[in-house]
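Peer 1: Counted from 1, the sequence shown has number 17 at position 13 by this note's numbering; the numbering is strictly sequential.
Treat the hints with care, since some could be wrong.
Derived DEER-like restraints, expressed as beta-carbon distance ranges [what the hints assert, rightly or not]:
no., residue 1, residue 2, range
1, Leu9, Glu49, 43 to 51 Å
2, Ile55, Ser12, 18 to 26 Å
3, Asn104, Ala43, 12 to 20 Å
I should point out that these hints are in silico values taken from the structure, not numbers from a laboratory. Note that the Cβ used here is the ideal one computed from N, Cα and C, for glycine as well.
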Amino acid sequence: MPKHLPISLLFLRLGVFIVFFFWTVDKFVNPEHAANVFAKFYALENLGITIVYVIGSLQIILIFSFVMGLFKKWTYGIILLLHAASTFASFGLYLTPFENLLFFCCMANAGSLFGAILNERL
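All chains, please: the whole structure from these sequences, using the hints.
Peer 2: Laid out in structure tokens, this is it:
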């Protein structure tokens with residue numbers, strides 16, 4: 005293994021972690037907003053605040069395990085699946101790209117995650 009690879013993967017995990025961290029914090033700081041996101045993008049209507057807190061709590065465990073490099077087979081895969089779900093759920097926003105430029109940032113995270121998974125599998 006090249007000596008720079010572990011630090012490269014750490015920075016990759018940190019970048020993805022930052023995005024997921026703020027998505028997770030939002031569930032605790034502004035659970036109504038998180039519930040509205042679930043309703044708008046995932047068709048999960050009427051999620052109670054308790055459910056949002058439970059999802060956020062599970063997500064905290066996941067993202068900290070991910071950033072620490074624990075259970076890579078599982079955490080990398082679950083993070084990629086969650087990321088893919090959020091990307092596909094907001095697909096309509098990509099059809100008007102110049103009104104929703106920030107949504108394209110997720111493509112870098114998706115590519116990074118896929119590359120990290122390939123690295124771990126090879």
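Peer 1: All the hints need checking, so say for each whether the structure fits it.
Peer 2: Checked hints:
1. Leu9 to Glu49: 43 to 51 Å: This hint holds: roughly 44 Å between Cβ atoms.
2. Ile55 to Ser12: 18 to 26 Å: 37 Å, violated
3. Asn104 to Ala43: 12 to 20 Å: Holds - the Cβ-Cβ distance for Asn104 and Ala43, about 19 Å, lies within 12 to 20 Å.
When held up to the earlier numbered hints, the structure conflicts with hint 2 and nothing else.
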